[in-house]
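Letter by letter, the chains look like this.
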Amino acid sequence: MTCDQAKLVFTDYWSQTLGEAQELAFEAHLGTCDACRAEAERLGSLWKSLALIPSESKDFEPGVNLRSRFYETLGAYRQGLESAPKRGWRERIFALWPREPAWQMGLSFALLVIGLGVGYQMHPVKGAGVQEQPAADQEVAQLRGEVNSMRQMVALSLMQQQSAGERLRGVSYAYQAPSSDTEVLSALLTTVNQDQNVNVRLAAVDALHRFGSSPVTRTAIVQSIRKQDTPLVQIALIDLLVDLKDGTAAPELSKIINDEKIDSAVRQHAKWALGKLQ
Amino acid sequence: MNATDNVLMGQVSNGEVAKMAVLFERHHRPLFRYFVSMNRNRELSEDLVQDVFFRMLRYRASYDPNQSFTAWMYQIARNANVDQAQKRKGEVVGIDEFDDRRPEPASDSPGPEQTAAKGQDLALLRQALDRLPAEKREILVLSRFQDMKYEEIAAVLGCEVGTVKVRVFRAMRALEQAYFALLGERTA
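Quick note, the sequences are listed as chains A and B, same order.
Mapping the first sequence onto numbering that gives the first Met the number 0, position 278 (from 1) lands on 277, and the numbers just tick up by one.
Mapping the second sequence onto numbering that gives the first Met the number 0, position 68 (from 1) lands on 67, and the numbers just tick up by one.
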């Protein structure tokens, strides 16, 4: 065994993972080479001491609050999971109600205007009896349109806010928008590509699910993968492509797999995704 | 017999999210050690531990039970660490809580491990470790503090096992240099 070969097995020697034959050869080399023996002893001693550092200091012990914070988060997460599918229409409507007084006032005013408008439209007109049912349907459709545009307005406004928390709320409002709403789709795509906060970007990726039927969405998702600087978001986008069963993404995924500039975890995930889509 | 981490995470992945508590109990301390060794900031490290467990819950569906749980968790931990570093770019430097701090005095009767390490000042060794570049410090922390096998470290770092061994050896050499430099500073 040469000195260079010996240095390659230092780490295995310290970790006691050398095979019997290799260990004998290594020790035989140390017996004949003073320089390697001295280095093995010096570094081996440091190697042993290194493992003792965490037990020597309380700096490496987490505070007592960490555990309680985790269980609170886990509890809230479980509660969220359990309550999500059971939500009734009443809770959904209440969940739409904003928390800030300014938004509450705006929303109240908008609802008042809508109510007046609908009331005016529904005012009975003599001789209109035959057309009463179609007219009512039209009004319901109009009301639905108004509500949708209000949701759109709230979602778009919140997604422009300075605070990441507000932008997250904006993204959650996007779930209420119809899947054909191109303005909300466009705002979500902008958020995915440009928002500075990773959590907001991730939430926007999730929200894109409902817009997945649009070819625009699929193309934008594929293009967005390379624009991301965080592997987490890239992986979330790849997951989205798999969920949407977008076979057209296969060529781009192949490019990602072979692009060494991209994070290895992302490339591995792209490989997995490609297998799922083919 | 206790369920393996991979089995538990597979169950979490299938909707049994309460099982994440067992994984937390097993891994939050080593994870905290990893972050605190990398960032030297206890509060930030506790936040990052929370973040990692939350991300594991959020991305539980993407977990592949054939993949090592530890490797998967540390991949997430590294990403979380990179994300926070990017977020903190431009902030005032001064997060180092431990600079030049002395460790608590060792107990009166040292155990066999302490006896094995006699002649080496652990406080100085820790300062030397802190002086290493992040990638060298990280590989030593994963290997010695987290007691991870080279195969697992390779999976976390996305490289070959042979590369890990070479990097560990280089990091040890760098640590030795830093240690003796500090020793020289002290005696000068």
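Simulated from the structure, these hints should not be mistaken for laboratory data.
Be a bit skeptical, because a hint or two may be false.
Computed beta-carbon distance windows for the label pairs [unchecked claim]:
{"no.": "1", "chain 1": "A", "residue 1": "H208", "chain 2": "B", "residue 2": "E159", "range": "19 to 27 Å"}
{"no.": "2", "chain 1": "B", "residue 1": "L56", "chain 2": "A", "residue 2": "E60", "range": "34 to 42 Å"}
{"no.": "3", "chain 1": "B", "residue 1": "R25", "chain 2": "A", "residue 2": "G79", "range": "22 to 30 Å"}
Below, in silico cross-link-like pairs of lysine-lysine (DSS-like), each with a Cα-Cα straight-line distance of 27 Å or less [as the list claims (entries may be wrong)]:
{"no.": "4", "chain 1": "B", "residue 1": "K148", "chain 2": "B", "residue 2": "K86"}
{"no.": "5", "chain 1": "A", "residue 1": "K275", "chain 2": "B", "residue 2": "K86"}
{"no.": "6", "chain 1": "A", "residue 1": "K260", "chain 2": "A", "residue 2": "K244"}
{"no.": "7", "chain 1": "A", "residue 1": "K6", "chain 2": "A", "residue 2": "K47"}
{"no.": "8", "chain 1": "A", "residue 1": "K260", "chain 2": "B", "residue 2": "K18"}
{"no.": "9", "chain 1": "A", "residue 1": "K6", "chain 2": "A", "residue 2": "K57"}
{"no.": "10", "chain 1": "B", "residue 1": "K148", "chain 2": "A", "residue 2": "K226"}
{"no.": "11", "chain 1": "A", "residue 1": "K6", "chain 2": "B", "residue 2": "K148"}
{"no.": "12", "chain 1": "A", "residue 1": "K244", "chain 2": "A", "residue 2": "K275"}
{"no.": "13", "chain 1": "B", "residue 1": "K86", "chain 2": "A", "residue 2": "K6"}
{"no.": "14", "chain 1": "B", "residue 1": "K86", "chain 2": "A", "residue 2": "K47"}
{"no.": "15", "chain 1": "A", "residue 1": "K57", "chain 2": "B", "residue 2": "K135"}
{"no.": "16", "chain 1": "A", "residue 1": "K270", "chain 2": "A", "residue 2": "K244"}
{"no.": "17", "chain 1": "A", "residue 1": "K254", "chain 2": "A", "residue 2": "K226"}
Just so you know, even glycine gets a beta-carbon here, dropped at the ideal spot from N, CA and C.
Hints versus structure:
1. Look at H208(A) against E159(B): about 37 Å separates their beta carbons, and that is not inside 19 to 27 Å.
2. At about 24 Å, the CB distance of L56(B) to E60(A) disagrees with the hint of 34 to 42 Å.
3. The hint said 22 to 30 Å for the Cβ distance between R25(B) and G79(A), and at roughly 24 Å that hint holds.
4. With a C-alpha separation of about 31 Å, the suggested pair K148(B) and K86(B) falls outside the 27 Å cut-off, and the hint is violated.
5. In summary, the hint linking K275(A) to K86(B) is not supported, as the alpha carbons are separated by about 34 Å, beyond the 27 Å threshold.
6. A C-alpha spacing of about 26 Å is found between K260(A) and K244(A), which places the hinted pair at or below 27 Å, so the restraint holds.
7. Distance hint between K6(A) and K47(A) is fulfilled; the C-alpha atoms sit about 18 Å from each other, no more than 27 Å.
8. Straight-line distance between C-alpha atoms of K260(A) and K18(B) comes to about 36 Å, which puts the hinted pair past the 27 Å bound.
9. Restraint check for K6(A) and K57(A): the C-alpha separation of about 35 Å exceeds 27 Å, so the hint is violated.
10. Taking the CA atoms of K148(B) and K226(A), the gap is about 34 Å. The hint is violated against a cut of 27 Å.
11. Restraint check for K6(A) and K148(B): satisfied, since their Cα atoms lie roughly 19 Å apart, inside the 27 Å limit.
12. With a CA separation close to 8 Å, the supplied pair K244(A) and K275(A) stays within the 27 Å bound.
13. With a C-alpha separation of about 39 Å, the suggested pair K86(B) and K6(A) falls outside the 27 Å cut-off, and the hint is violated.
14. Of the supplied pair hints, the one linking K86(B) and K47(A) is violated, its CA atoms being roughly 36 Å apart against a limit of 27 Å.
15. At most 27 Å may separate the alpha-carbon atoms for a hinted pair to count; K57(A) and K135(B) meet this at roughly 23 Å.
16. Of the supplied pair hints, the one linking K270(A) and K244(A) holds, its CA atoms being roughly 15 Å apart against a limit of 27 Å.
17. Taking the CA atoms of K254(A) and K226(A), the gap is about 14 Å. The hint holds against a cut of 27 Å.
The structure fails hints 1, 2, 4, 5, 8, 9, 10, 13 and 14 (numbered hints given earlier, in ascending order).
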